[in-house]
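Participant: Sequence lines, in order, name chains V and B. For the first sequence, this note's numbering begins at 2 and goes up steadily by one. For the second sequence, this note's numbering begins at 14 and goes up steadily by one.
To be clear, the hints were calculated from the coordinates, so they are not data collected in a lab. Be aware that one or more of the hints could be misleading.
Taking lysine to aspartate or glutamate pairs in the DMTMM-like style, the calculated list, with each CA pair at most 20 angstroms apart, reads [unchecked claim]: (1) B/Lys314 with V/Glu212; (2) B/Lys298 with V/Glu212; (3) B/Lys298 with V/Asp229; (4) V/Lys245 with B/Glu205; (5) B/Lys283 with V/Glu212; (6) V/Lys222 with B/Asp262; (7) B/Lys314 with V/Asp107; (8) B/Lys320 with V/Glu243; (9) B/Lys131 with V/Glu212; (10) B/Lys320 with V/Glu203; (11) V/Lys245 with B/Glu310.
What you are looking at is a predicted structure, and each value in this text was computed from that prediction instead of being measured.
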Amino acid sequence: MKLLVCISKAPDTTSRIAFTDGDKRFDESGVQFIVNPYDEWYALVRAIELVEAQGGSVTTITVGDATCDPIIRKALAIGASDAVRIDANPTDSSQVARLISNYANDKSYDIIFAGKETINHNSSAVPAMIAECMDLPYVALATSIDVDGDLSTLNCESTGGTNNVSVKGSFVLSATKGMAEQRIPNMRGIMSARTKPLTVVEASGVTATTEVSKFTLPPAKGDCVMVDADNAAELVRLLREEAKII
Amino acid sequence: MSVLVYIQTQEGKATKAGLEVASFAKNMNVGDVTALVPGTLSGDGGLGSVGVSKVLHFSEGVTDNSQLSKLTQAAAQSVDASTIVFSGNNDGNSIAPRVAIAMNVGYVSGVTCLPEGKTFTRNVFSGKATAAVNVMSDVCVISITPNSYGIKSDAGEASVETFSADIGAQRVVLNGFTPTSNDGSVPLPEAERVVSAGRGLKGPENWGIVEDLARALGATTACSRPVGDMGWRPHHEHVGQTGLTIRPDLYIACGISGAIQHLAGVNQSKVIVVINTDPEAPFFKAADYGIVGDVFEVLPKLTEAIKEL
Ligand SMILES: Cc1cc2nc3c(=O)[nH]c(=O)nc-3n(C[C@H](O)[C@H](O)[C@H](O)COP(=O)(O)OP(=O)(O)OC[C@H]3O[C@@H](n4cnc5c(N)ncnc54)[C@H](O)[C@@H]3O)c2cc1C
């Protein structure tokens, strides 16, 4: 089985969110970066499990500059076979998807995995876009996958429930909770990750179709109105008369 | 210029998410709103009442997002749409990006309010910030964060036309569907009221008081991540940075500490109520109303008080 897993760099979940360049860019100073949790916990780990059980290789692919290398090494330490980094600073999801598709097009991957979204951009767009670029079927929000020869069977979250679907041949999936359990890399993994191949490829000329003109932080919340624990009726009154919400 | 909206129906009527998307499209004020409805439709599906002037009905039930993408492109072409609007729910999110790539146009997901020209506002950093995004192509595809805009009625009736298009072969086969809740509550992403509980509930056997409150309020239940991880509640109820991001009108947090990763998914709720025994719980800093108290005592009283309304 030849699997490709899309890995993205994301700020640690406790990072202070601030902007620079006239609020056009995320301020990375002092920020600790992690593998985007959906990519790592669900997509990568499940791909590794499949290859452990059935043989083959797991290649990770990342669009980004050299600051992504530490998180790519982490993915290798968890168990990916090798890694590709497309050297670019993408500004929108279509650019990421087109760059990945251009690279993957002639490599006949059986399944392309991605997380359901990144925790910084939250677009949920890249995997669907890769599928369209490569004219492949796409299964979104997969919570489980079993592969039997060229037939894959998946459960995935749909609006208001769970779909069970099957697909023959190559396809793209986005992974979400349920797919696998987080894996902590062990010492052997960390040591071997240092020597696993990380190939850097030039970005082909792909332009973005959208641009962020300004980031804004939400306004600070006002004070919390405290209600006595014995006075539930007062809370209900406030919700009805003051907040006008019930 | 015209706007095309992709609408899902349930028993022939536009879903709540669908009505919201149509309202949004109408109030963008950039031209007539045409609705593309795949699957069952009765009458105009209630779409005229939110400002849709024409419904294109594709009667086959289709589930493969690559086919639905082709269908949407054909409809967009037939009405010369300058904007194509989806609900940012699971289905919309799997079709809309495909449409944008196929048409080689810009895509903005998770839009939360009406645009200014071709500049759209969306949530980023899991709700910790917003971004204004400019679309550089003439046509744009967008998806709307559920429950961010609401339904605005607009008297009228939509004409209904049968629509057909070559949508290619089905490649993802749907074997079965299991609904997540059979209690008839609104799916979490679309819910206007949410009652959420955390580790403070001590065990899955104690969820009765959470469900009672939710039922009294007509709310949907949610939970913190550890509660989902421990299997006390199903995964799909998990909200936060690594779960669902929601923005209900009312979010009641019971026995949840308010860790930054939890807040990320819920801090855009219009009104937040926190019930926690610990007056120092960080959640109070993000709350509008708070009760320092034991959920096992407060929740039943609150449920009673609501029932008395
Ligand atoms: C990378 C990463 C991603 C994460 N993503 C998420 C996420 O998406 N969503 C999420 O929720 N968490 C997430 N977390 C976990 C998060 O950091 C917290 O650990 C978690 O939210 C805590 O859940 P809790 O509030 O239910 O439990 P606790 O932190 O244990 O809090 C329980 C609360 O209940 C109160 N309590 C106890 N007994 C009672 C009682 N009888 N009555 C009233 N109150 C009581 C306590 O005072 C306490 O405040 C993430 C963590 C990491 C590292």
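Participant: Each of the hints needs a verdict: does it hold here or not?
Facilitator: How the hints compare with the structure:
1. At roughly 50 angstroms between alpha-carbon atoms, lysine 314 of chain B and glutamate 212 of chain V are farther apart than 20 angstroms, so this suggested pair is violated.
2. At roughly 33 angstroms between alpha-carbon atoms, lysine 298 of chain B and glutamate 212 of chain V are farther apart than 20 angstroms, so this suggested pair is violated.
3. With a C-alpha separation of about 17 angstroms, the suggested pairing of lysine 298 of chain B with aspartate 229 of chain V holds against the 20 angstroms cut-off.
4. Between the alpha carbons of lysine 245 of chain V and glutamate 205 of chain B the distance comes to roughly 13 angstroms, so the proposed pair stays at or under 20 angstroms and holds.
5. Using a Cα cut-off of 20 angstroms, the hinted pair lysine 283 of chain B and glutamate 212 of chain V is violated, with the two alpha carbons roughly 28 angstroms apart.
6. Distance check on the hinted pair: lysine 222 of chain V and aspartate 262 of chain B sit about 15 angstroms apart at the alpha-carbon level, within 20 angstroms; holds.
7. The suggested pairing of lysine 314 of chain B with aspartate 107 of chain V is violated, with an alpha-carbon distance near 64 angstroms, which exceeds 20 angstroms.
8. Between lysine 320 of chain B and glutamate 243 of chain V the alpha-carbon distance is near 19 angstroms, which keeps this suggested pair within the 20 angstroms criterion.
9. Straight-line distance between C-alpha atoms of lysine 131 of chain B and glutamate 212 of chain V comes to about 11 angstroms, which keeps the hinted pair within the 20 angstroms bound.
10. Proximity of lysine 320 of chain B to glutamate 203 of chain V is assessed by CA-CA distance (about 64 angstroms); at most 20 angstroms being required, the pair is judged violated.
11. A hinted pair counts as satisfied when its Cα atoms are at most 20 angstroms apart, and lysine 245 of chain V with glutamate 310 of chain B does not qualify at roughly 25 angstroms.
Violated hints, listed in ascending order, are 1, 2, 5, 7, 10 and 11; each of the other numbered hints is respected by the structure.
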